[in-house]
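K.L.:
Following the hints, complete the assembly by docking chain X onto the known chain E.
Spelled out, the chains give:
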Amino acid sequence: MSHQYKAIHWNPQKKAYDLLIVLLIISYLLAFVGVSAIIHPNLDPVNLLIRAFGSLSLLLLHLVLIIGPLCRLSARFLPMLYNRRHLGVSTFLIAAFHGILSLIQFHAYGDSNMLISLFTANTQYTSLAQFPFQVLGFFALIILFFMAATSHDFWLKNLGQNFWKRLHMLIYLVYILVIMHVMLGVIQLESSPLLVIFLCIGFSLVIGLHLLAGWKEVKLDRQLQELKDDGYLLVGSINSWEEGKARIVNNGKQRIAIFKNGNEFSAISNRCAHQGGPLGEGQVIDGLITCPWHGYQYRTDDGCSPPPFTEKVSTFNLQLLGDKILVDPIPNQPGTKGEQVKL
Amino acid sequence: MKNEFYIGYINKLPKQTAKTIKKSIFVLIFVFVASGVVIALHHQKVSNSKFELGQLSTIEGYYFNEPVPMIKLLEGKDIHGNHIFKSIPLVNYAKFGVEELVGIYEEENKISLQGKKVKIVGTYLYDDGKALFELTKRAESILEVSSLNDPAIKEMIQPKIEKLGVNSIKGEIVDSKCYFGAMRPGFGKTHRACAVRCISGGIPPVLAATNYSGEVNYFLIRGSEKEAINKEVLPYVAEPVRLTGELVKIDDWMVIYVNPKSGIERVKN
Numbered sequence: 001m002s003h004q005y006k007a008i009h010w011n012p013q014k015k016a017y018d019l020l021i022v023l024l025i026i027s028y029l030l031a032f033v034g035v036s037a038i039i040h041p042n043l044d045p046v047n048l049l050i051r052a053f054g055s056l057s058l059l060l061l062h063l064v065l066i067i068g069p070l071c072r073l074s075a076r077f078l079p080m081l082y083n084r085r086h087l088g089v090s091t092f093l094i095a096a097f098h099g100i101l102s103l104i105q106f107h108a109y110g111d112s113n114m115l116i117s118l119f120t121a122n123t124q125y126t127s128l129a130q131f132p133f134q135v136l137g138f139f140a141l142i143i144l145f146f147m148a149a150t151s152h153d154f155w156l157k158n159l160g161q162n163f164w165k166r167l168h169m170l171i172y173l174v175y176i177l178v179i180m181h182v183m184l185g186v187i188q189l190e191s192s193p194l195l196v197i198f199l200c201i202g203f204s205l206v207i208g209l210h211l212l213a214g215w216k217e218v219k220l221d222r223q224l225q226e227l228k229d230d231g232y233l234l235v236g237s238i239n240s241w242e243e244g245k246a247r248i249v250n251n252g253k254q255r256i257a258i259f260k261n262g263n264e265f266s267a268i269s270n271r272c273a274h275q276g277g278p279l280g281e282g283q284v285i286d287g288l289i290t291c292p293w294h295g296y297q298y299r300t301d302d303g304c305s306p307p308p309f310t311e312k313v314s315t316f317n318l319q320l321l322g323d324k325i326l327v328d329p330i331p332n333q334p335g336t337k338g339e340q341v342k343l
Numbered sequence: 001m002k003n004e005f006y007i008g009y010i011n012k013l014p015k016q017t018a019k020t021i022k023k024s025i026f027v028l029i030f031v032f033v034a035s036g037v038v039i040a041l042h043h044q045k046v047s048n049s050k051f052e053l054g055q056l057s058t059i060e061g062y063y064f065n066e067p068v069p070m071i072k073l074l075e076g077k078d079i080h081g082n083h084i085f086k087s088i089p090l091v092n093y094a095k096f097g098v099e100e101l102v103g104i105y106e107e108e109n110k111i112s113l114q115g116k117k118v119k120i121v122g123t124y125l126y127d128d129g130k131a132l133f134e135l136t137k138r139a140e141s142i143l144e145v146s147s148l149n150d151p152a153i154k155e156m157i158q159p160k161i162e163k164l165g166v167n168s169i170k171g172e173i174v175d176s177k178c179y180f181g182a183m184r185p186g187f188g189k190t191h192r193a194c195a196v197r198c199i200s201g202g203i204p205p206v207l208a209a210t211n212y213s214g215e216v217n218y219f220l221i222r223g224s225e226k227e228a229i230n231k232e233v234l235p236y237v238a239e240p241v242r243l244t245g246e247l248v249k250i251d252d253w254m255v256i257y258v259n260p261k262s263g264i265e266r267v268k269n
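Residue numbers (the UniProt record's numbering), protein chains in the order written: chain E, 1 to 343; chain X, 1 to 269.
Just chain E, same shape as in the assembly (with noise of 0.2 Å):
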């Protein structure tokens, strides 16, 4: 959480997670560049650095990619979450190197500008086998471009949570584009089916994934949302809770999180002020629940963040009928206190 800009809170764990990524990346190019040089000592140092950085960059993107659902199946993988921007920055760093060694390579030094050759060089636009693959790889490196740039909650903050969210959703269209650079380039050069299966894999990997944090998610919506009762969702006995954790329900517009803290149980909005990370997956922790991503906390009483911090999200009143909690599915507005239960 911070109050005021920095370029980097840094902290001992976001120290050891950019010192992985560095290992990471060190250790992919020490790899290929090596080997490759003892098996292809022909091959040309630009385009094997053009190589070693693609595909560098395109595992990294995988990387960036599985977190997300792999945080949302298990807890456990939270830490990789929490620099996960580091990570997306450096892939972008890595792609960049490749893209701009790519463009001088084969654009620089003719007769036409770098940038005009690349739309007009191949221009087989309405062919599949021959598309102009390059073409591609700009316009992903360009979206990644913004989403670093943006990457800071300076920007976070400025651009508004719901705009910047969608900005950064755009890495599903980033890694389209990059599979389609891949397939209609590279994979046209190479007789080895290798490379086809590592992306099979890395796509299958990435898509399997989203789909079993997705059906986690629905599974629980669905559960949930046929519990209503008179205009409130009942949301189940106060016997059912763990301590300091909660329970989640769907109102049909968003998901409410209803935390037992003690004796005392309150409800506020799913969402997160900082990124929309879920609340409801977080703990209450020295009275402020406790975002899980990366540690936003909010007042159980009124959503509000503790002093000097400012982020306010939702409340949503309870009532106790018998030992069923039951919650008004009508938001509150941000930061304002909402009807708590008190056992």
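Treat the hints as calculated values from the structure; they're not laboratory data. Careful: at least some of the hints might be erroneous.
[Stated by the list, open to error] BS3-like mimics (lysine-lysine), calculated; alpha carbons at most 25 Å apart, straight line:
#: 1; chain 1: E; residue 1: Lys-15; chain 2: X; residue 2: Lys-170
#: 2; chain 1: X; residue 1: Lys-12; chain 2: E; residue 2: Lys-245
#: 3; chain 1: X; residue 1: Lys-231; chain 2: X; residue 2: Lys-249
#: 4; chain 1: X; residue 1: Lys-170; chain 2: X; residue 2: Lys-117
#: 5; chain 1: E; residue 1: Lys-15; chain 2: X; residue 2: Lys-15
#: 6; chain 1: E; residue 1: Lys-312; chain 2: E; residue 2: Lys-157
#: 7; chain 1: X; residue 1: Lys-268; chain 2: X; residue 2: Lys-231
#: 8; chain 1: E; residue 1: Lys-245; chain 2: X; residue 2: Lys-15
#: 9; chain 1: X; residue 1: Lys-19; chain 2: E; residue 2: Lys-14
#: 10; chain 1: E; residue 1: Lys-15; chain 2: X; residue 2: Lys-249
P.N.:
What follows is chain X alone, placed relative to chain E:
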């Protein structure tokens, strides 16, 4: 796990989470290293072409404009005592041909290089029995030009032309500079944009045709009126094509003279 909760800014990983993360780190390092090794092992074989980058050579030979600007080097004699020549097409620095450069040189020095003895400095490119020579220092690469006075030498260096009739040949149009050494690999779709830039800049286009035994034959491509058709072949570069035209062997190069409007067709691989 029940009470475990990870918060990034609290500098301690919960026990079970730490175990999972440690295992994940080992898996990730293994996946990254293994991927690097396996992908590197499966590159398509790169040819043995060579570009002697940074290694300037000075050569002396006879300059001819046709079929493409080239220098003819005397390599020795065969067992019958006949002179053996090697024709080496000339290319410019970067992605340009030498026609413009030679034209400017001829205009500035009021001299035609055709059939003259020239001494040039530059960089060799070679592969598969063919060689090219880059005028690395551009116009300054032309060191000396001298006329031939001996009619016997003039006669000796005349190109040996053998007409082989009209033929159709299937292959890939490549730019000779990259294919024969400047890029490795210098063919195929991934290299298409570069080949287009080179051919558009005046580098002689070549049809690389692989026969059934896997042997590659090379054909310099010219228009049916012997003109350069670099711009006309651009849409077909790096695609499987069939060229139909008059086939002529000029010294140690095959040349196919193609009508660009009717002699080039796309074919399936």
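K.L.:
Output the indices of the hints that this structure fails to meet, ascending.
P.N.:
1, 4 and 10
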